[in-house]
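There are 2 protein chains.
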Amino acid sequence: MIQNKIWRSMSVLTKATFNPRIVEAEYAVRGAIVLRSNEYAKQLAAGDKSLPFDKIIACNIGNPQSLGQKPIQFHREVLSLVNMPGLVDHPDVGNIFKADAIARAKHYLKRIPGGTGAYGHSKGVEVAREEVCAFLERRDGYSADPENIFLTDGASQAVQSVLLALIRDHHDGILVPIPQYPLYSATIAINGGALVGYYLDESSGWGMDVDELKRAIDGARAEGKNPRALVVINPGNPTGQCLSENNMRDIVQFCKDEKLVLMADEVYQENVYAEDKKFVSFKKVLMDMGAGYNDVELASFHSTSKGFTGECGRRGGYMELVNFNPDAMEQMYKLVSVNLCSNIEGQLMVALMTNPPVEGDESYELYAAQRDGILSSLKRRAVKLVAAFNELEGVTCNAAEGAMYTFPKITVPEKAVEEAKARGVAPDAFYAMSLLDATGIVVVPGSGFGQEDGTFHFRSTILPPEEAIDEVIEKTAKFHAEFMDLYR
Amino acid sequence: MIQNKIWRSMSVLTKATFNPRIVEAEYAVRGAIVLRSNEYAKQLAAGDKSLPFDKIIACNIGNPQSLGQKPIQFHREVLSLVNMPGLVDHPDVGNIFKADAIARAKHYLKRIPGGTGAYGHSKGVEVAREEVCAFLERRDGYSADPENIFLTDGASQAVQSVLLALIRDHHDGILVPIPQYPLYSATIAINGGALVGYYLDESSGWGMDVDELKRAIDGARAEGKNPRALVVINPGNPTGQCLSENNMRDIVQFCKDEKLVLMADEVYQENVYAEDKKFVSFKKVLMDMGAGYNDVELASFHSTSKGFTGECGRRGGYMELVNFNPDAMEQMYKLVSVNLCSNIEGQLMVALMTNPPVEGDESYELYAAQRDGILSSLKRRAVKLVAAFNELEGVTCNAAEGAMYTFPKITVPEKAVEEAKARGVAPDAFYAMSLLDATGIVVVPGSGFGQEDGTFHFRSTILPPEEAIDEVIEKTAKFHAEFMDLYR
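In the order they appear, the protein sequences are chains A and B.
Residues in the first sequence are numbered from 1 upward in steps of one, following the UniProt record's numbering.
Residues in the second sequence are numbered from 1 upward in steps of one, following the UniProt record's numbering.
Heads up, the list lumps identical chains together, so a pair's fine if it works in one copy or across two of them.
When the alpha-carbon atoms are kept at most 27 Å apart in a straight line, the in silico DSSO-like pairs for lysine-lysine are as follows:
#1 Lys110 - Lys42
#2 Lys15 - Lys283
#3 Lys15 - Lys256
#4 Lys259 - Lys15
#5 Lys110 - Lys55
#6 Lys106 - Lys70
#7 Lys98 - Lys70
#8 Lys379 - Lys284
#9 Lys49 - Lys110
#10 Lys98 - Lys110
#11 Lys214 - Lys284
#12 Lys55 - Lys106
#13 Lys379 - Lys278
#14 Lys334 - Lys42
#15 Lys42 - Lys106
#16 Lys334 - Lys55
#17 Lys478 - Lys384
#18 Lys55 - Lys42
#19 Lys214 - Lys225
#20 Lys334 - Lys15
#21 Lys334 - Lys421
#22 Lys277 - Lys214
Hints listed in this document are in silico derivations from the structure and should not be mistaken for laboratory results.
If we strip away everything but chain A, and leave its shape as in the complex, we get (with noise of 0.2 Å):
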């Protein structure tokens, strides 16, 4: 013990002496609650049965192909194609892939210079720059500039790189959506920027108003801050709604007054389930708003882990910069260069989904007949799970317009919010881990990604395979009323 003591006070770094914006951060997706569930899953691997479940369910994370998922299969033979020297050309190839997606590995192999082991330019290569602009064009009736394109490792990198180009003390504020994702949070706070709150209200399904927004750089001008950016996720995480074209408009026109780069998470433009509601792109609401509006700078973002894609492993992602001065484009690209590039097999799976196979291709019918099946499912799964928190003592929960989420609001009994605060935890932390501990079901607490003072949260993903959805329905019902009565 004191040669512990010792031992830590003698360390360059320690929890006293490291970087402290990034101590101070917290990123709750992967917090306390899923490290326990870790000790849990080890446990039951070794066979351990005393706990009162017999596996983990994960709903903490967006990952769909740890949850059974099956990946795009045309994506997948082309990936496997490109890495293989001399497979495109193998004669036994035929028997094994598809002639199109043969083909389509021919094309990427052509065009990318050293194939998938070589760096590639620190923007991307070339094809997977122009395969996202003919996919943005047929998106939005836009045209878009490959030089405008940088393709990065998972869509958070290029979040994190615009941050960080945006924050320069403690002075620079980023508003962000309360409650948000918290790569936004912890990223503002590694950077030493200040997190400008602006609130979604939960009791329209989460619309957000301009208002609000209004409200919050005002009062955050008034402490001396300096906002350079409004972040909308759209469709949200954690809240699922799906913005309305006019709403969108109010946005934009609020950054143009107020001078704010906008930055659009869109990475869930495909999963959206509500009839009445469809994705627009921030991109195409700013065209339409015609040139007096080129003044106003957007990133958008997008990703291949989610939509009906699901590839999360892969880290692909990219962002479009619109109306950015080309002097900052320079700085951007220097600073993407200094990791010379995104992986380049993620790059390829950008391409894929922004260049899937079309009507009268061989690999179309599977295509589509898995895209259809996974999105439907999934609209199945989020209308099921919101029904069922919605019947839980206490709790309402917003439908899932969109996203992977569900949001619902919890009441936690007094008792229950004395427990928590004796062993010095958030409330619905507390509640989160009791239904860990009860019934192996992985959620995260409201608290991680903020939400108004006195309200409780949790999100679920919808991602379980149907036939777990309602065992994790069941499972927590049950948690649930015992949970009530307990601390009743």
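Knowing the structure of chain A, use the given hints to seat chain B on it.
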């Protein structure tokens, strides 16, 4: 023009308002000369015959497969197999893939829940960390703990994480060699820390001297800096020197005495060409020194991009943290978890690099032939280039004992120095740009790595294929003679 000016002043992000630490950072490996070479490459591809050369020869970056180096077949077979669902069990798979590659792919698929498309543990999938540890134990004769291994998107990301942990403000200093790989200077600048340069001694083959370290650290402290870490690149980049064990022990002692984290960049550990030299890891040296040194914190970095693997585009890398305080490990875990995980195929490439086929395996013979072929060819090229540079007027070049570069010292005539000054560029940048303009050969000026005042260098990789090395030599010699005559 006026329109343009108005627009510029309206931007949130301009050069004047961008994070100044990024604006200040320099990354010469992908700087102005590379940008111009990209323009030339486009001209050539478009059929332009007006240039005095018919191709670009990229000697600026250690990117072997872009210059024709073949990937290790076994590694690629495994990557191909893990990507396509069901391929390992396809009835025809044995016609195309080797049995040991199929077995290895099955092993990884069994150990990685969700396959290559799912997020893994934030430190990296367990199976890869275990294979890294087995490699470290074989290499060093000391055990390694998978909990101390962090798999990252290339070694660059690992280096950046450690520097981010160390640098709290502009007082925190990092000792970095001069010349150095500019990842270090750029990342220190971006994080707002202090670069404390120590000189390698060109006259003794880029030797590293503890007296010089002492001079540098004392000087930094006298200026109010707080040195926290020492970066050692071994084998050296751009300098190619291999440290002796005696020298390494002195360096460990220095870190102990001065309370510095030792950051050992060992990505070129397979690339040793000098007959009388061999690579020894800092982990082994530190462990050999005994329990009295278990307060010396060591971060050792390795990569799939170098050695004979050359898989740069894969972005595979790892670091081992030795003797780090548990609190610091926890913070580091949190920091990397904000990125969720590094790309899984990069992780698998790390596993394959550290756990290659062994004698008796079906793929061993080809593996060994590829490995030995690449390493012996690199050695021949290193020797040939160094000898050729030493033939040039006013040029001296130390032997490349290891790594992938030559770093000749050039004499830039007075008139050329003046001409460079008039153009606002460093004299060696002027030389390198002139070389590009005349020959299409891309090298990086020594000023991008740092060098003693008044000396000039350039870095050229040894990576062009053997048949192209003669062309590089011939063209460089002709250019050099003309340059010297022109400015004599």
